[in-house]
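All residue numbers for the sequence shown refer to the numbering used here, where the first residue is 37 and numbers rise by one.
Among the hints, erroneous ones may be present.
With a cut-off of at most 30 Å between alpha-carbon atoms, the simulated DSSO-like pairs for lysine-lysine come out as follows [said to hold, decoys possible]:
| hint | residue 1 | residue 2 |
| --- | --- | --- |
| 1 | Lys330 | Lys284 |
| 2 | Lys284 | Lys130 |
| 3 | Lys174 | Lys161 |
Estimated spans, in silico, between C-beta atoms of each pair [unchecked claim]:
| hint | residue 1 | residue 2 | range |
| --- | --- | --- | --- |
| 4 | Lys231 | Arg137 | 51 to 59 Å |
| 5 | Gly217 | Glu141 | 12 to 20 Å |
| 6 | Glu264 | Thr138 | 33 to 41 Å |
| 7 | Ser219 | Gly253 | 45 to 53 Å |
| 8 | Glu277 | Arg137 | 48 to 56 Å |
| 9 | Arg332 | Glu311 | 27 to 35 Å |
| 10 | Thr236 | Arg332 | 26 to 34 Å |
| 11 | Arg298 | Leu333 | 41 to 49 Å |
| 12 | Asn178 | Ser219 | 54 to 62 Å |
| 13 | Asp146 | Leu333 | 46 to 54 Å |
| 14 | Asp192 | Glu160 | 35 to 43 Å |
| 15 | Trp267 | Ala303 | 16 to 24 Å |
| 16 | His212 | Glu160 | 51 to 59 Å |
| 17 | Asn178 | Gly253 | 55 to 63 Å |
Since the hints were made in silico from the structure, they are not lab data. Ideal Cβ placement from N, Cα and C applies to all residues, glycine included.
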Amino acid sequence: MMPKQFLKLVMIFLWAATVWVFMLSCVTPDRAERRADVDSRPDTASPAREAIEQPAEQETESVPTTGQEGPIEITVREALLLALENNRSLRIEKFNPAISRTAEEEARSDFDPVLTGEYSYDREKKDTSMNSISEKLKNQNNATLGVSGYLPTGTDVGLEVSTDRTWSDLYSDDLHATRVGLSVTQALLRGRGLKYNLATLRQARLDTSISRHELRGFSEFLVAQVEETYWDYGLIQRQIEIFLESLKLAEQHKNETEEMIRIGTLAESELVAAEAEIALRREGLINARSNLEKTRLQLIRVLNPP
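I would like the entire structure built from these sequences, with the hints used as guidance.
This is the structure:
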């Protein structure tokens, strides 16, 4: 195909493709389904979402180093960042929106345009005499470019541009033929309308939105759990201090009771009450230490430090 003919074909195709893309952009899935995109408006800001969407390099500045042995001293904010970064359940939940978006992109791909192209070249020899000494050549090439797509309205649109060139020793002039074709097929019954064709895409978008809200809800629940466990751990530590002080006072009261019994001020039966008070304080201290260990394990589980 000659350069001028090829340039002419390209110009015609670009002009026709521009018209076709303009028509296609008038009824795209995004325009037709803009109201159905329930996640198009920005959500209300929340600490959990801000912490999740915070870049990793910024989070690592506030997260304490946990590689060294011994107890970890962290603040509430550091505990939240540590949980949002290392919690395994949250890591699993973060995959769900991406999986849902994959299904959404697959549903959207039904309306993607398809570009096709084809080129062919034929060469034919013909005998022009009885002794097959003289031969004539006939050459022909063909180039075709096309674009097609399916609109959400149930319309199949196709645009095709083709050109043919034939030259031979039988005649002096070349033969050129160019064709531009536009086809539009509209479904009248089955497959007609936006509701039918966008049902799968709408469902995929809803699933994506649901997965995002579920991730946000799980993150907020995790934040609340970390805060509650953090303060419970501090509260139990304070309770242990109180139990130790009360045990110390109970033992002091027992010593005073024994001294008063020795000098005859009190009866020996008062010693039983003092010992019972000490036993009660020790029982409370044991229970508090047990609750402290349980809370510590629960806090480690939600923080999941490396």
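Okay, the hints, checked on the actual structure:
1. Lys330 / Lys284: Satisfied, since the Cα-Cα distance of roughly 25 Å is no more than 30 Å.
2. Lys284 / Lys130: violated, 51 Å
3. Lys174 / Lys161: Roughly 6 Å between the alpha carbons, so the hint for Lys174 and Lys161 holds.
4. Lys231 / Arg137: 51 to 59 Å: violated, 23 Å
5. Gly217 / Glu141: 12 to 20 Å: At roughly 31 Å between Cβ atoms, Glu141 and Gly217 fall outside 12 to 20 Å, so the hint is violated.
6. Glu264 / Thr138: 33 to 41 Å: About 35 Å separates the Cβ atoms of Glu264 and Thr138, which means 33 to 41 Å holds.
7. Ser219 / Gly253: 45 to 53 Å: At 49 Å between Cβs, range holds.
8. Glu277 / Arg137: 48 to 56 Å: At 51 Å between Cβs, range holds.
9. Arg332 / Glu311: 27 to 35 Å: holds, 31 Å
10. Thr236 / Arg332: 26 to 34 Å: violated, 49 Å
11. Arg298 / Leu333: 41 to 49 Å: holds, 47 Å
12. Asn178 / Ser219: 54 to 62 Å: violated, 19 Å
13. Asp146 / Leu333: 46 to 54 Å: Holds: the Cβ-Cβ distance is about 51 Å, inside 46 to 54 Å.
14. Asp192 / Glu160: 35 to 43 Å: holds, 36 Å
15. Trp267 / Ala303: 16 to 24 Å: violated, 46 Å
16. His212 / Glu160: 51 to 59 Å: violated, 18 Å
17. Asn178 / Gly253: 55 to 63 Å: Given a distance of about 60 Å, which is inside 55 to 63 Å, the answer is holds.
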